[in-house]
Amino acid sequence: MLPLLELRERVKNFYQRYDMYILPVLKFIFALIVFNIINKEIGYDAKLKSLPIVLGVSLLSAFTPSAVMVLLSAVISIFHIYSVSPILSIMIIVILLILYLLFVRYTPKQGYVLLAIPILFRLKIPYMLPILLGLTSTPVAIIPTACGVIIYFLIQIIKTAVTMQTSISVEDILQLYTYVVDSFIGNRQMIMTLVVFSLIILVTYFIRKMSFNYAFEISILAGGIISILGFLISFLLLNKTNQILSMIIGSIVSTGIVYIIHFFRLTLDYSRVEHATFEDDVYYYYVKAVPKATVTLSEVNIRHYNVKGTKRREFSEPDTDDTDPYDYEESEENEDN
Amino acid sequence: MLNFKKIRLMTKLAVYEKKEGKEDIYLSKYYKTDYVRFQILKSIISATVGYALILAMIALYKMEYLVKNAVSLNYKLIGTYVLGFYIITITVYGLGTFLIYSIKYDASRKKLSRYFKLLKRLEKLYNDSDQES
Chain Z
1 MLPLLELRER VKNFYQRYDM YILPVLKFIF ALIVFNIINK EIGYDAKLKS
51 LPIVLGVSLL SAFTPSAVMV LLSAVISIFH IYSVSPILSI MIIVILLILY
101 LLFVRYTPKQ GYVLLAIPIL FRLKIPYMLP ILLGLTSTPV AIIPTACGVI
151 IYFLIQIIKT AVTMQTSISV EDILQLYTYV VDSFIGNRQM IMTLVVFSLI
201 ILVTYFIRKM SFNYAFEISI LAGGIISILG FLISFLLLNK TNQILSMIIG
251 SIVSTGIVYI IHFFRLTLDY SRVEHATFED DVYYYYVKAV PKATVTLSEV
301 NIRHYNVKGT KRREFSEPDT DDTDPYDYEE SEENEDN
Chain H
1 MLNFKKIRLM TKLAVYEKKE GKEDIYLSKY YKTDYVRFQI LKSIISATVG
51 YALILAMIAL YKMEYLVKNA VSLNYKLIGT YVLGFYIITI TVYGLGTFLI
101 YSIKYDASRK KLSRYFKLLK RLEKLYNDSD QES
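Residue numbers (this note's numbering), protein chains in the order written: chain Z, 1 to 337; chain H, 1 to 133.
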């Protein structure tokens, strides 16, 4: 346990020092994975698959809020589908619009969930997301999770619908449309996945909220067990016994990943470094406020840049805070230069 | 002369203004009724559009049936169903929006009052230092 805790401390320090750069890099990597998987799954348009576009779009997503990335990936998917079947792309636009207008617009901060679910399905560990959301969020997270599941199954349906021969006659279009709607509504696996995911979120959330020792760890475990049991029942009902093994392995791996995230989460959550700039009549302040690990009080770290030749300024007595809030030696070094 | 008490206060204020405070300060421009009403209006419009889209999809799906029985359809019954479900949807969305955004507004007001308290303390600090000099 001790080396692990040391590792956590090291990760925390690293994060505190470079958090300005780490977040965009992580977002960039996530965006790269998202767009690559979209290209692999429904990459019908070769132009959109080119490296400069993928890199450019990922870079754009790295520095903008999550909503932009969700919008970009939706637009790219629609263009991909448009290049093979304009009619299908219209259907997708309508369904996505309905999802947005009725559900997604109420949970703008959880836009990542919409993208993460199809991707985790691809990686065979979609079970980790509901457990994680139950652990970190509220049951409201059921909404984006459900929409993510719907989008994943929609993509699966689209992939088969694209192979269907279509001409531009009205009958063919109607037939294609009926096929999509039929396989969408009659998709029992989707409905069961929705139910089990919602159940996982609820159970994990309520166990986490209980007040006994190790509530967090037990809630993760409970989430994993619900996931295995729920999908076992659904696969047995749907006669998809060949998927059971990968589901069980996926659930166990997911539980493990969530536990690792949980292990790092608390420290990372509270080690959020704040950069603030402000001014008063005399100075400009560039402050990096580092929260203390155990106390909520912020430690204020001031870097002082002196103009050459000026005398050292006077300082008032630091108030009650017992740590040295002013890095004295650093400013002396600056003056020597 | 650097005044650490002041800097600590200003840092707190600046961090708040930059992150969660952004929305609180934006909300403080509205009266509660105005804000909540505006949100209800927005969600009712979006629910209406969503409902219309779903309706259009259902209509297209049943197109064949609709065209075949265009003469013998009971339009009155269909109309009541469509309207009834619409009213239910709108009520649910309107009420939900009303509840959620009222709570949100109150919470942001509470946070904002804490912010103003800190601002006042900062002002006092300024006045004190003015008197000293």
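Be aware that a few hints might be false.
Straight line, CA to CA, 16 Å or less: simulated EDC-like cross-link-like pairs of lysine to aspartate or glutamate [claimed, not checked]:
no., chain 1, residue 1, chain 2, residue 2
1, H, Lys6, Z, Glu279
2, H, Lys5, H, Asp106
3, H, Lys62, Z, Glu274
4, Z, Lys109, H, Asp130
5, H, Lys32, H, Asp130
6, H, Lys18, Z, Glu274
7, H, Lys18, Z, Glu279
8, Z, Lys288, H, Glu17
9, Z, Lys124, Z, Asp182
10, H, Lys62, Z, Asp281
11, H, Lys19, Z, Glu274
12, H, Lys124, Z, Asp280
13, Z, Lys109, H, Glu23
14, Z, Lys288, Z, Asp45
15, H, Lys6, Z, Asp280
16, H, Lys5, Z, Asp19
17, H, Lys6, Z, Asp281
18, H, Lys5, Z, Asp182
19, H, Lys62, Z, Glu41
20, H, Lys22, Z, Glu274
21, H, Lys68, Z, Glu41
22, H, Lys117, H, Glu17
Worth flagging that the hints you see were computed from the coordinates, not collected in a lab.
Predicted, not measured: the structure shown is a model, and the values here were computed from it.
Results for each hint:
1. H:Lys6 / Z:Glu279: holds, 11 Å
2. H:Lys5 / H:Asp106: violated, 30 Å
3. H:Lys62 / Z:Glu274: At roughly 57 Å apart (the allowed maximum being 16 Å), Glu274 of chain Z and Lys62 of chain H break the hint.
4. Z:Lys109 / H:Asp130: Distance of about 44 Å is beyond 16 Å: violated.
5. H:Lys32 / H:Asp130: violated, 38 Å
6. H:Lys18 / Z:Glu274: At roughly 9 Å apart (the allowed maximum being 16 Å), Glu274 of chain Z and Lys18 of chain H satisfy the hint.
7. H:Lys18 / Z:Glu279: holds, 14 Å
8. Z:Lys288 / H:Glu17: holds, 15 Å
9. Z:Lys124 / Z:Asp182: Cα-Cα ~26 Å, so violated.
10. H:Lys62 / Z:Asp281: Violated - the C-alpha atoms of Asp281 of chain Z and Lys62 of chain H are around 71 Å apart, more than 16 Å.
11. H:Lys19 / Z:Glu274: holds, 9 Å
12. H:Lys124 / Z:Asp280: holds, 14 Å
13. Z:Lys109 / H:Glu23: It holds: about 13 Å lies between the C-alpha atoms, which stays within 16 Å.
14. Z:Lys288 / Z:Asp45: Violated, because 46 Å separates the two Cα atoms, which is more than 16 Å.
15. H:Lys6 / Z:Asp280: Roughly 10 Å separates the two Cα atoms, so the pair holds.
16. H:Lys5 / Z:Asp19: violated, 27 Å
17. H:Lys6 / Z:Asp281: Between Lys6 of chain H and Asp281 of chain Z the Cα gap is close to 12 Å, so the pair holds against 16 Å.
18. H:Lys5 / Z:Asp182: Distance ~67 Å between Lys5 of chain H and Asp182 of chain Z Cα, so the pair is violated.
19. H:Lys62 / Z:Glu41: violated, 31 Å
20. H:Lys22 / Z:Glu274: holds, 15 Å
21. H:Lys68 / Z:Glu41: Measuring from Cα to Cα gives roughly 39 Å; hence the hint is violated.
22. H:Lys117 / H:Glu17: Answer holds: Lys117 of chain H to Glu17 of chain H is near 14 Å, not above 16 Å.
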